[in-house]
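A.B. asks: Here's the letter readout for the chains.
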Amino acid sequence: MKTAAAETEDIELHLLMEAIFQKYHYDFRDYSPASLKRRLLQARDRFGCTTFSALQERVLHDPGMLPQLLSHLTVQVSEMFRDPGFFRVLRTEVVPHLRTYPSLKVWIAGCSSGEELYSLAILFREEGLEERTLFYATDINSTALRKAEAGVYDLARIAQFTTNHQRSGAKRSLSDYYTAAYGAAVFDKSLRKRVVFSDHTLASDAVFAEVHLVCCRNVLIYFNRELQNRAVGLFKDSLVRKGFLGLGSKESLHFSAHAGDFAEFSRSERIYQKRG
Amino acid sequence: MNHEPAHRQFRALVIGGSAGALGAMLRFLPLLPRRFPLPVMIVVHLPPDGESLLAPLLNSRCQLSVKEAEDKEPILPGVVYIAPPNYHLLVEPDFVLSLSQDECVLYSRPSIDVLFESAADAYGDALAGIILTGASSDGAAGLKALVDAGGRAYVQDPATAEASAMPEAALDACPTAQIVDPSQIAALLLRELVPAPS
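Protein sequences appear in the order of chains A and B. Under the working numbering, the first residue of the first sequence carries the number 7, and numbering increases by one thereafter. Under the working numbering, the first residue of the second sequence carries the number 16, and numbering increases by one thereafter.
Extracted from the complex, chain A is given alone in its bound form (with noise of 0.2 Å):
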């Protein structure tokens, strides 16, 4: 049995969600609660709120606070190569059968502020893929979006990704890719000249184009089941035939509606192939 208090929060933390929706089309309805739960208490500190209805009012009618509440919503922790294993086994394993393709789309389905994105763009270039390779980098958060588009990362990260990058079968030094300024690494901006960055959220959005491959790591998680299935299903579509899907290192297809759809093609890195 729930106490009266938390039985309240609970229906405050729903109208919240509803709220949010209806006023501003962010949809956060199919959002896995118990986390969304945390970040949204860490909210309601930050501005001073004592209940979720008083954030609601706030956010209702203080449109200028909603970037700020989004980023508490959809922060993310990112680093480039992060599990280097994955993009050992990309390099390995799938650019083999990407080569076979004239021309690749890729689709960094939550590309948060570009950690992931750079990492592929550095990788495709090293394997000789970036002339016939388009990526889309997608997210919800337009303000992460334009960090992504930015490049700019604190120069105090570049020691890990360095070592993620080396792990994962590096053929260059990552210092080869940005430029140290001011305590920052500024990326090459020749490695975003083939991007499209947009804005797309997994919870309503529709499919935009046929690509080879999406990386959507650690963005899954985030979601209840019906969203992660209504995400997955957009992979799907979206995938050509014998298309692969990257997942996050504890992200599964396994209670997916769209498992069968899919054959594991690296068990440990969370690597799938969209059946033929």
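Bear in mind the hints are in silico, worked out from the structure with no lab data behind them. C-beta: ideal position from N, C-alpha, C; glycine also. Do not take every clue at face value.
Sample of chain A residues at the chain B side, in silico, Cβ under 10 Å [to be verified]:
#	residue
1	M7
2	R35
3	S38
4	P39
5	G54
6	N230
7	S255
Listed below are the simulated DMTMM-like cross-link pairs for lysine to aspartate or glutamate, each with C-alpha atoms no more than 25 Å apart in a straight line [said to hold, decoys possible]:
#	chain 1	residue 1	chain 2	residue 2
8	A	K8	B	E88
9	A	K199	A	D267
10	A	K177	A	E216
11	A	K256	B	D109
12	A	K256	B	E107
13	A	K242	A	D36
14	A	K153	A	D211
15	A	K177	A	D194
16	A	K195	A	D211
17	A	K153	A	D33
18	B	K159	A	E13
19	B	K159	A	E18
20	A	K8	B	E107
21	A	K195	A	D267
22	A	K256	A	D267
23	A	K153	B	E183
24	A	K29	A	E18
25	A	K153	B	D117
26	A	K242	B	E85
27	A	K8	B	D109
28	A	K248	A	E132
29	A	K8	B	E207
30	A	K256	B	E207
In silico negatives: residues of chain A with every beta carbon more than 12 Å from chain B [as the list claims (entries may be wrong)]:
#	residue
31	K8
32	A60
33	P108
34	A209
35	E216
36	S258
37	Q279
Fit chain B to the known structure of chain A by using the hints.
C.D. replies: Just chain B now, kept in the frame of chain A:
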């Protein structure tokens, strides 16, 4: 609401620990019988890199089935779920498990507080929780959330703990928690959490 409902039925057990917790768990988890009717969710602080051997190790020593928790996995009675390294483990209101890579809490991911607070939200007063040995104050806020929701709290006796900071912080936050010795926990859980066959 002040008195214990005679018919209260517990629906889940959560356990948190850090330094020394594996040794403490090995003193009671292997004693829980295969028919133990509650799911058990466990957070132990681990180094973030690589695969954890904790689940296979415990599985080889326990009668209950022990596995690493998967995202959106339905929670089943009599199964022990271990949080994977570098991910928070949460209980959803519809009783499935979630993983998250949100920020560390008290320098830890997985965080005991995150598991306990989400489980208290989902299970309310049908939850029991144990804080074991450890050298951080993670778990104190989570155990308090569990107590505030009406759940039952146990804390390892700091005198028996390899690192006493964690059980001491939990007892500071929850003075009403029952102090337990790891070697007695299995019998206690069976007596207090499992309804006698009628």
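A.B. asks: Each hint needs a verdict: does it hold in this structure or not?
C.D. replies: Right, here's what the structure says about each hint:
1. M7: holds (5 Å)
2. R35: Violated - the Cβ of A:R35 stays beyond 10 Å from chain B, reaching only about 13 Å at its closest.
3. S38: Holds: closest Cβ of chain B sits about 5 Å from A:S38, inside 10 Å.
4. P39: holds (6 Å)
5. G54: Since the shortest Cβ distance to chain B is 20 Å, the answer is violated.
6. N230: holds (7 Å)
7. S255: holds (8 Å)
8. A:K8 x B:E88: The given pair, whose Cα atoms are some 23 Å apart, holds under the 25 Å limit.
9. A:K199 x A:D267: Outside the cut-off at roughly 33 Å; violated.
10. A:K177 x A:E216: violated (29 Å)
11. A:K256 x B:D109: Distance ~20 Å between A:K256 and B:D109 Cα, so the pair holds.
12. A:K256 x B:E107: Since the Cα atoms of A:K256 and B:E107 sit roughly 17 Å apart, the hinted pair holds (cutoff 25 Å).
13. A:K242 x A:D36: Given that 25 Å is the threshold and the Cα spacing comes to 20 Å, the pair holds.
14. A:K153 x A:D211: holds (22 Å)
15. A:K177 x A:D194: holds (17 Å)
16. A:K195 x A:D211: violated (28 Å)
17. A:K153 x A:D33: holds (22 Å)
18. B:K159 x A:E13: holds (18 Å)
19. B:K159 x A:E18: OK: B:K159 and A:E18 at ~22 Å, within 25 Å.
20. A:K8 x B:E107: Answer holds: A:K8 to B:E107 is near 14 Å, not above 25 Å.
21. A:K195 x A:D267: violated (37 Å)
22. A:K256 x A:D267: holds (20 Å)
23. A:K153 x B:E183: Roughly 43 Å separates the two Cα atoms, so the pair is violated.
24. A:K29 x A:E18: holds (16 Å)
25. A:K153 x B:D117: holds (19 Å)
26. A:K242 x B:E85: Distance of about 22 Å is within 25 Å: holds.
27. A:K8 x B:D109: holds (14 Å)
28. A:K248 x A:E132: holds (23 Å)
29. A:K8 x B:E207: holds (20 Å)
30. A:K256 x B:E207: Between A:K256 and B:E207 the Cα gap is close to 35 Å, so the pair fails against 25 Å, i.e. violated.
31. K8: Violated, since 4 Å does not exceed 12 Å.
32. A60: A:A60 is indeed farther than 12 Å from all Cβ atoms of chain B, at 20 Å.
33. P108: With a cut-off of 12 Å, A:P108 remains clear of chain B, as the shortest Cβ separation is near 37 Å.
34. A209: holds (16 Å)
35. E216: At roughly 28 Å from the nearest Cβ of chain B, A:E216 sits farther out than 12 Å, so the non-interface label holds.
36. S258: Violated: least Cβ distance 7 Å, not greater than 12 Å.
37. Q279: A:Q279 clear of chain B: closest Cβ-Cβ about 21 Å, beyond 12 Å.
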